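Novice: Read off the chains here:
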Amino acid sequence: MAKEILCVIEIDENKIKKSSLEVLSAAKKIKELEGDGIISVVVLTEEPQNYSSELFAHGADKVYGGKSSSFKYYRTQPFVKTVANLVNSISDINYVLVPGTGNGRDFAPYLGAKLKAGVIADVIDVEKGDGSLHFIRPCFAGNLLYWGKFNGDGVKILSVRPKAFPVPEKTDKSGEYVELPVDIKEEEIPVRVLEVMKETGKISLQDADFIVSAGRGIGGPDNLKIIQELADTLGGAVGASRAVVDSGWISYDHQVGQTGKTVKPKIYIACGISGAIQHLAGMRTSDIIVAINKDPEAPIFKVATYGIVDDLFKVVPVLTSEIKKRLVK
Amino acid sequence: MRFIGLIKQVYDPAEIKPQNQGPELKLEGVPRILNPFDEFVIEECLQWKEKLGGEVIIITMGDEQATEILRTALAMGVDQVYHVIDPAFKGADTLLTSHVLAKAIEKIGGADLIIAGKLALGGDTAHVGPQVAAFLDIPVLTYVSKVREVSDSDKRIIVERLLEGGKEVVSSTLPALITVVKDINKPRYPSLMGLRKAAKIPIPVLTKADLALDDSIVPKESMVKVSPPPPRSGGEILQGTTEEVVNQLLDRLFAQKIF
Amino acid sequence: MDFLLNEEERMMQEMAKNFAEKEVKPIAAKLDETGEFPVDLVKKMGELGLMGVNIPEEYGGAGLSYVCYAIAIEEIARYCGSTSVIMSVNNSLVCAPLLKFGTEEQKKQFLTPLASGKKLGCFGLTEPNAGSDAGSIQSTAVKDGDYYILNGSKIFITNATHADIALIFASTDKSLKYKGISCFIVEKGTPGFSVGKIEHKLGINASGTAELVLQDVRIPASQRLGNEGEGFKIAMYTLDCGRIGIAAQAVGIARGAFEEALKFAKERIQFGRPIAEFQAIQWMLADMATEIDAARLLTRRAAFLKDANMPFTKESSMAKVYSSEVAMRVTTKAIQIHGGYGYSKEYPVERFFRDAKITEIYEGTSEIQRLVIANQILR
Chain A
1 MAKEILCVIE IDENKIKKSS LEVLSAAKKI KELEGDGIIS VVVLTEEPQN YSSELFAHGA
61 DKVYGGKSSS FKYYRTQPFV KTVANLVNSI SDINYVLVPG TGNGRDFAPY LGAKLKAGVI
121 ADVIDVEKGD GSLHFIRPCF AGNLLYWGKF NGDGVKILSV RPKAFPVPEK TDKSGEYVEL
181 PVDIKEEEIP VRVLEVMKET GKISLQDADF IVSAGRGIGG PDNLKIIQEL ADTLGGAVGA
241 SRAVVDSGWI SYDHQVGQTG KTVKPKIYIA CGISGAIQHL AGMRTSDIIV AINKDPEAPI
301 FKVATYGIVD DLFKVVPVLT SEIKKRLVK
Chain B
1 MRFIGLIKQV YDPAEIKPQN QGPELKLEGV PRILNPFDEF VIEECLQWKE KLGGEVIIIT
61 MGDEQATEIL RTALAMGVDQ VYHVIDPAFK GADTLLTSHV LAKAIEKIGG ADLIIAGKLA
121 LGGDTAHVGP QVAAFLDIPV LTYVSKVREV SDSDKRIIVE RLLEGGKEVV SSTLPALITV
181 VKDINKPRYP SLMGLRKAAK IPIPVLTKAD LALDDSIVPK ESMVKVSPPP PRSGGEILQG
241 TTEEVVNQLL DRLFAQKIF
Chain C
1 MDFLLNEEER MMQEMAKNFA EKEVKPIAAK LDETGEFPVD LVKKMGELGL MGVNIPEEYG
61 GAGLSYVCYA IAIEEIARYC GSTSVIMSVN NSLVCAPLLK FGTEEQKKQF LTPLASGKKL
121 GCFGLTEPNA GSDAGSIQST AVKDGDYYIL NGSKIFITNA THADIALIFA STDKSLKYKG
181 ISCFIVEKGT PGFSVGKIEH KLGINASGTA ELVLQDVRIP ASQRLGNEGE GFKIAMYTLD
241 CGRIGIAAQA VGIARGAFEE ALKFAKERIQ FGRPIAEFQA IQWMLADMAT EIDAARLLTR
301 RAAFLKDANM PFTKESSMAK VYSSEVAMRV TTKAIQIHGG YGYSKEYPVE RFFRDAKITE
361 IYEGTSEIQR LVIANQILR
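Chains as they are written, first to last, in this note's numbering: chain A, 1 to 329; chain B, 1 to 259; chain C, 1 to 379.
If you're looking for bench data, these hints aren't it; they were derived computationally from the structure. A quick note: this is a predicted structure, and the numbers were derived from the prediction, not measured. Note that the Cβ used here is the ideal one computed from N, Cα and C, for glycine as well. Misleading hints may appear alongside valid ones.
Unchecked claim - Covered stretches of chain B (chain A as the covering partner; in silico rule of three or more C-beta atoms under 8 Å from a C-beta of chain A):
(1) 141 to 150
(2) 209 to 220
(3) 236 to 242
Stated by the list, open to error - Distance ranges between label pairs, derived from CB positions:
(4) B:K225 <-> C:K43: 48 to 58 Å
(5) B:S222 <-> A:V167: 25 to 35 Å
(6) C:N6 <-> B:P204: 16 to 26 Å
(7) B:I203 <-> C:D307: 23 to 33 Å
(8) B:N20 <-> C:Y343: 51 to 61 Å
(9) B:R156 <-> C:K43: 29 to 39 Å
(10) C:E367 <-> B:E55: 24 to 34 Å
(11) A:D92 <-> B:K225: 51 to 61 Å
(12) B:E55 <-> A:S89: 19 to 29 Å
(13) A:S174 <-> B:K107: 50 to 60 Å
Given only the sequences and the hints, what does the whole structure look like? Please build it.
Specialist: Written out as structure tokens, the structure is:
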């Protein structure tokens, strides 16, 4: 039985992050499977009340707003302390859902330890099991799916994988706004954010709808130009296989795969990538995979939606120019 | 300064055949390796000790076979290792594991800086770093791609955190725990001379009896089953000249109104 | 009798495998293509102790067993024949005899820098007219007071282009035939000592194989290794040690080819199935795996006997002749399994095939090995 499903909302550049809204869909599914419950959200930021109407519209019955200038940037301890206090003060809260973003997955386990509660990470789906709900998540770099459940009483904490759930449809609902008591003294916080360096103009791999990725077949760093051009034409991001990163042709933050990033774009264009299992782990759930490789035996063709057996140096420039033509029309 | 590194021996993901797995996890006989993030953990501890002086202690919680990774750490030149092992810990979830590790850290006298890997392959939870910090009531800084500064006199650390879409430069007081990403440094190879010594040193063990555990902390999360993901079937191999296949591809993509 | 690796051996294997994958594998194809001697790689190997694996720590080595050494060679050879022979020559053909026959002075002066990787060694025995018939070398060493004057030329010397120290075999008394051969330690830069023609070979292209030329090279008598007339004995002992290294190299090359062939067979689809499902391929793979295992066991057994200070001449010859012939068979089959792709330089198996051949020839041809074994059996 769900009583109150609390969702933690992330604010970035004065906007609610998309991944936080997706969490509301996960909450809705839990509520449906449990049979009841209210969905609440907690937002810790400088002006939390500004976000309440949008949160109600996306399905929140209740918004707890924690207002403090100390919440301008995420830091683990003050955020966990505030939410832990909230959870402890409201016995109805038996679920806490957190977006599975970088900071979300920093926050959720720390909260779990403070509350001595179970945490299931990176959830992609929820199912009814016998007696309790089962939470499905990838493990072994996505090569296996894992069904987990919570034991005993106590609050159940989950982090929800971005893009695993849709953003809920907007309604014209309203709800209850509650101002949270915030017991934070800035001088007592041991962590300071000194500088935020955003990659301007560059879309992050995790947010990109289109990713053009280079594998060993690209041959060298200078040839990445054509990959970047195709990505720019699509308004997307550039990814790379481990081989390319290890060869020093591109920096590690472009690496897609088991020890790199996991991505789920609308289209993933793999250029000169063989499709080793470690790479597939990072992109196999992309909506559409286009593979360009001159080796017809490359394993990537087993998972590609569309495969082109041809030299990437011929295909990619033609693809770029054709897209440009078609987009103009 | 005292540096503690937390490392784990994991099953080699390359050796897990998904189609042979499920509903239980069949891990018997699967070769194991040092968690790929953890060689960077050991190296980062060693580099800061070399800069600032002090000692490096490496801890792992695992079964008998896990001594292998402690020996690797010794061969790389760390000062001391501990093996936390007890049949009672079998099947521990991350909550219990982190509690045990935190108690072990307290038992051996704590540290100025604790370093762990971003996550352990297999479980892929990325829980233990933050949870150990929570149990020790110290700050955690995750996804550290560079440690800019560590100061013993100021008891301060400055790091770069790698987040989606950019980086953050963050400072914290010490003691603190950081979790590191790949390529934060270039791990040294164990020298053969180090290897020879490391192969013979007796490894100190910490069991449940040695640690003052809180018995109310029990696994709160457990596995129901595993299964290979639904197969992603291959689609179409487009045929024709370069121009023809490009146009076929774009016809299909535009028809789905993706752009 | 224990067939399992002990802790030290297991760690050696893990370390060497990790090093080989990260440092050797990425450059192996390039080395073969350009023939460039891997100076930086050899330096890294030296720093880690791989150039003096079996040499005691007091002389700059890692002090590990010969079994550990054989394990390390195999892991390096799995990716690169050239790098593994560079390592083998330094360890077995230069460090080993210096350890066994050197005076304390010689060990400090020459063995220590070689074992610790600060200097590189080569073994100068073979001449244009003296290969298998090593006893008939023509190079001469004439005593002149406290010096010897060396004249002659050596060919097919691995590491010659980059070696700092050479062990040169020359005759101090032609009338005694092979019993008149002595061994000398010659340093690069000694007037009259130079590198001659560089060999362009079928395989192991980056091993720095070249001619060494000695023209009135004057070296102090203190640089004679062992006694006058002991040269042949030193050479034979050295080659016994070296054979184990070459056997391990052959096992590594064979294993590299086999692993590639196995991978290919699982991925290559013909007639609607991976070719690994066809019995013909399965039988080839089974034979390859069995022979590699047998070769490795012979090699480890020879290394084990050496470590135990027991006679190992017969066993090291058996390991060498068998492993090198296995390498030829396995690499040939590996190309066959790859079909047309195996013949292309885009796949590594043709390089393993070319690298394998030399293992049947150097450090004692297969024919000589058979003579050695027969000799031991018929004693």
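Novice: All the hints need checking, so say for each whether the structure fits it.
Specialist: Quick rundown of the hints versus the structure:
1. 141 to 150: holds (count 4)
2. 209 to 220: holds (count 5)
3. 236 to 242: holds (count 4)
4. B:K225 <-> C:K43: 48 to 58 Å: holds (52 Å)
5. B:S222 <-> A:V167: 25 to 35 Å: Cβ of B:S222 to Cβ of A:V167: about 31 Å, so the range 25 to 35 Å holds.
6. C:N6 <-> B:P204: 16 to 26 Å: holds (21 Å)
7. B:I203 <-> C:D307: 23 to 33 Å: Holds, since B:I203 and C:D307 (Cβ atoms, about 25 Å apart) stay within the stated range.
8. B:N20 <-> C:Y343: 51 to 61 Å: violated (35 Å)
9. B:R156 <-> C:K43: 29 to 39 Å: holds (38 Å)
10. C:E367 <-> B:E55: 24 to 34 Å: Violated, at about 59 Å.
11. A:D92 <-> B:K225: 51 to 61 Å: Once the Cβ atoms are compared, 31 Å apart, the range 51 to 61 Å for B:K225 and A:D92 is violated.
12. B:E55 <-> A:S89: 19 to 29 Å: Between B:E55 and A:S89, where Cβ atoms are some 43 Å apart, the hint is violated.
13. A:S174 <-> B:K107: 50 to 60 Å: holds (54 Å)
Checked against the numbered hints above, the structure breaks hints 8, 10, 11 and 12 and satisfies the rest.
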